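Chains as they are written, first to last, in my numbering: chain A, 5 to 119; chain B, 5 to 119.
Treat the hints with caution; some may be incorrect.
Note: identical chains are not told apart, hence a pair may lie in one copy or across any two.
[Said to hold, decoys possible] Below, computed lysine-lysine pairings styled on DSSO-like, alpha-carbon distance capped at 27 Å:
(1) K9 to K94
(2) K67 to K9
(3) K59 to K94
(4) K22 to K59
(5) K53 to K9
(6) K62 to K94
(7) K94 to K33
(8) K62 to K43
(9) K94 to K67
(10) K53 to K43
(11) K94 to K43
(12) K43 to K68
(13) K62 to K9
(14) K22 to K94
No wet-lab data here; the hints were simulated from the structure.
Computed from a predicted model, the values in this text were never measured in an experiment.
What follows is the residue order along each chain.
Protein chains: 2
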Amino acid sequence: MARTKTTYDVFSAIGEPKRRVLIEQLVLKEMTVNELVEKVQWPQPVVSKHLGVLKQVKIVREKKNGRHRVYRIQPEELRPIQEWMHQFEKYWGGTLDQLDHYLNNIQARGKNEHE
Amino acid sequence: MARTKTTYDVFSAIGEPKRRVLIEQLVLKEMTVNELVEKVQWPQPVVSKHLGVLKQVKIVREKKNGRHRVYRIQPEELRPIQEWMHQFEKYWGGTLDQLDHYLNNIQARGKNEHE
DNA sequence: GATATATATTCCCATATAGGAATATATAAA
DNA sequence: TTTATATATTCCTATATGGGAATATATATC
């Protein structure tokens with residue numbers, strides 16, 4: 005078998021460093037492809053292709069505007085990563101805020117349901 | 005050029021789903037290779053190879069114990085991910101309304117997970 | 001020393017990239 | 001309608017897998 009597809013899920017998609025750079029830009033503000041190209045200085049097809057992957061896993065959404073396409077981030081889609089990270093927080097010391105506690109409990113309950 | 009190496013950094017390493025499963029086990033308690041094989045039911049070389057990648061990016065550490073090797077997680081190494089996630093937190097802040105919304109999403113996502 | 005156990009490593013191959021180059025498509029402007 | 005602009009897509013190739021099968025290595029036990 006071959007490697008896991010980059011579009012398999014959000015984790016796979018952000019494994020590529022360039023895609024994280026695009027995300028870091030889009031989290032600041034929505035941008036067109038050429039605005040992104042300006043910012044990161046990569047060939048336009050490279051940007052478009054990486055955006056394509058991000059679009060497939062729904063990290064970004066495309067909004068047509070004339071001959072421009074505005075790309076916008078969909079932060080909710082990155083929640084699975086944040087949730088997955090919760091399992092390590094107990095090791096990092098410090099206090100967890102109430103929201104985190106609550107979410108941890110929810111998560112634990114959810115996991116047991118499938119056992 | 006080819007794909008980014010899985011050992012390029014922590015993000016790339018956790019892109020592979022099986023490696024996340026191993027991490028999820030090791031965060032509960034340190035284990036030997038065979039204990040992991042027992043748990044996940046994959047061929048031993050598969051487990052060893054994935055552990056090799058995790059070891060290279062330092063997510064896990066190996067402790068020799070006779071002919072056993074105990075693998076232990078190094079949670080600090082995952083902090084870059086947590087830090088990277090900070091940039092999205094402003095979108096899913098801590099109000100109850102948003103928490104409700106979030107919990108609804110979890111439920112909805114759970115149902116679609118296996119499609 | 002011989003053997004069993006635990007784990008890593010090597011060899012193999014099908015597969016999916018990431019990026020360069022060129023081109024296609026869509027839409028606006030002239 | 002012709003042209004310019006914005007973006008996506010196709011074709012290509014080198015590369016790095018992930019996993020199966022077989023084997024090597026290390027250590028414990030007899």
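Tested hints:
1. Taking identical chains as interchangeable, the C-alpha atoms of K9 and K94 are never at most 27 Å apart, the minima being 31 Å within one chain and 30 Å between chains.
2. Taking identical chains as interchangeable, the C-alpha atoms of K67 and K9 lie at most 27 Å apart only when both belong to the same chain, with a minimum of 25 Å there against 32 Å between chains.
3. Within a single copy, K59 and K94 get their C-alpha atoms only as close as 33 Å, which misses the 27 Å cut-off; across copies the closest is 21 Å, which meets it.
4. With identical chains, the CA atoms of K22 and K59 are at most 27 Å apart both within one copy (14 Å) and between copies (24 Å).
5. Proximity of K53 to K9 under the C-alpha cut-off of 27 Å is found in both arrangements, the shortest distances being 14 Å within a copy and 19 Å between copies.
6. In the homo-oligomer, the alpha carbons of K62 and K94 lie at most 27 Å apart only across protomers (19 Å), although the nearest pairing inside one protomer, at 30 Å, exceeds that limit.
7. In the homo-oligomer, the alpha carbons of K94 and K33 lie at most 27 Å apart only across protomers (13 Å), although the nearest pairing inside one protomer, at 33 Å, exceeds that limit.
8. Taking the shortest Cα distances, K62 and K43 sit within 27 Å of each other inside one copy (22 Å), while across copies they are farther apart (32 Å).
9. Only between protomers do K94 and K67 lie at most 27 Å apart by alpha-carbon distance; the minimum there is 22 Å, versus 40 Å within a single protomer.
10. Taking the closest pair of Cα atoms, K53 and K43 come within 27 Å of each other only inside a single copy of the chain (16 Å); across copies the shortest separation is 38 Å, beyond that limit.
11. Taking the shortest Cα distances, K94 and K43 sit within 27 Å of each other only across copies (23 Å), while inside one copy they are farther apart (38 Å).
12. Taking the shortest Cα distances, K43 and K68 sit within 27 Å of each other inside one copy (20 Å), while across copies they are farther apart (48 Å).
13. For a Cα distance limit of 27 Å, the shortest separation of K62 from K9 qualifies both inside one copy, at 15 Å, and across copies, at 24 Å.
14. Proximity of K22 to K94 under the C-alpha cut-off of 27 Å is restricted to the inter-copy arrangement: shortest distance 23 Å between copies versus 30 Å within a copy.
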